[in-house]
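Listed below are the residues making up each chain.
Protein chains: 4
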Amino acid sequence: MPKRDPLSAPEIAVALADLPKWRVVNGKLHRDFKFKNFVQAFGFITQVAILAERMDHHPEWSNVYGQVSIDLVTHAAGNAISALDVELARQIDEITL
Amino acid sequence: MPKRDPLSAPEIAVALADLPKWRVVNGKLHRDFKFKNFVQAFGFITQVAILAERMDHHPEWSNVYGQVSIDLVTHAAGNAISALDVELARQIDEITL
Amino acid sequence: MPKRDPLSAPEIAVALADLPKWRVVNGKLHRDFKFKNFVQAFGFITQVAILAERMDHHPEWSNVYGQVSIDLVTHAAGNAISALDVELARQIDEITL
Amino acid sequence: MPKRDPLSAPEIAVALADLPKWRVVNGKLHRDFKFKNFVQAFGFITQVAILAERMDHHPEWSNVYGQVSIDLVTHAAGNAISALDVELARQIDEITL
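Chains as they are written, first to last, in our numbering: chain L, 2 to 98; chain B, 2 to 98; chain A, 2 to 98; chain P, 2 to 98.
Please note that the accuracy of each hint is not assured.
You can't tell identical chains apart in this list, so a pair holds if it fits in one copy or across any two.
Calculated lysine-lysine pairs in the DSS-like style (CA-CA distance at most 30 angstroms, straight line) [said to hold, decoys possible]: (1) K4 - K37; (2) K22 - K4; (3) K4 - K29; (4) K22 - K37.
Keep in mind the hints are simulated off the structure, nothing from the lab.
So that you can see chain L by itself, here it is in the shape it has in the complex (with noise of 0.2 angstroms):
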């Protein structure tokens, strides 16, 4: 199955099994995250920037200071959940061990 294509809601629960800082929220993966100042959120959102690009899959995402929130969601697959967001929100969860 191509990697860009929509996840359905089983396969989705499954993939959350496995990402429990992660959940739905208003269609697309999300997760927050707090760091306890502005240079270490700007340390790890860096390293995300470049696992991104490494993918070609960028998430949608803010920040304020030591706050970081993370949405990801395919484009190609309707703005649908594919496994490339899995993808990218497992290695996101590798860097903040």
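Given the structure of chain L, go ahead and fit chains B, A and P onto it with the hints provided.
Below, chains B, A and P alone, put in the same frame as chain L:
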């Protein structure tokens, strides 16, 4: 006048005269940026991040691929626009010259 | 020809014809960059970092304030210059246009 | 004492007692860092870049994949080690905790 004090409406009007690409949206100094790809957008984001930490004044901002939206407001001013916001907007404009 | 294979001297000469700001120093593709301040230099560095990871081919590089020096060589080619080095040099040049 | 003045040899010895991972190499405060991949290394590099600009004191540094080498010295002190170098080393160590 302390730099974190709220600016009056006339003071903001004067400041915006020098910042033609910024406008007040929801009580914040706002500007949208468009880059041709994610790599260029993130080069810009990193420069803004460094400037912001240097001023100890951080934006509310979001990014999707080549789009960056920045909102500037001063929490210590009761979420009003202060001279710090104007100064950060000026420094951001210098990057994009 | 695999992209990590060593290029011959004539192949390197051909590649350098399209990369007038690069030269071979100590067997590596080399270019020095000068920016007017650290913020500009680091905006450039970040863009190169993202490109490098995307290609899975990383520079040997150093920075002091506004100066950046980049050396490109391919370890898998026995520390010779390969087509990957030429490609990364081209992509770096595009950033600085 | 101005922070950019040269430290004496005894002052450097005292400072190094609190910086066990740094040593003086070629008259500069030196530390090597090793990360498991480029993404982690560059997350660290970005944090150091922000701290350096905030202090207006910039490292001499180099990177290859997961390796980062940092040398700290103060040009305004005649290329001697100053209190600024010690302070930047301390802040860098805090990132890597």
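A quick look at each hint next to the structure:
| no. | hint | result |
| --- | --- | --- |
| 1 | K4 - K37 | between (35 angstroms within a copy, 24 angstroms between copies) |
| 2 | K22 - K4 | within (22 angstroms within a copy, 39 angstroms between copies) |
| 3 | K4 - K29 | within (16 angstroms within a copy, 38 angstroms between copies) |
| 4 | K22 - K37 | both (18 angstroms within a copy, 24 angstroms between copies) |
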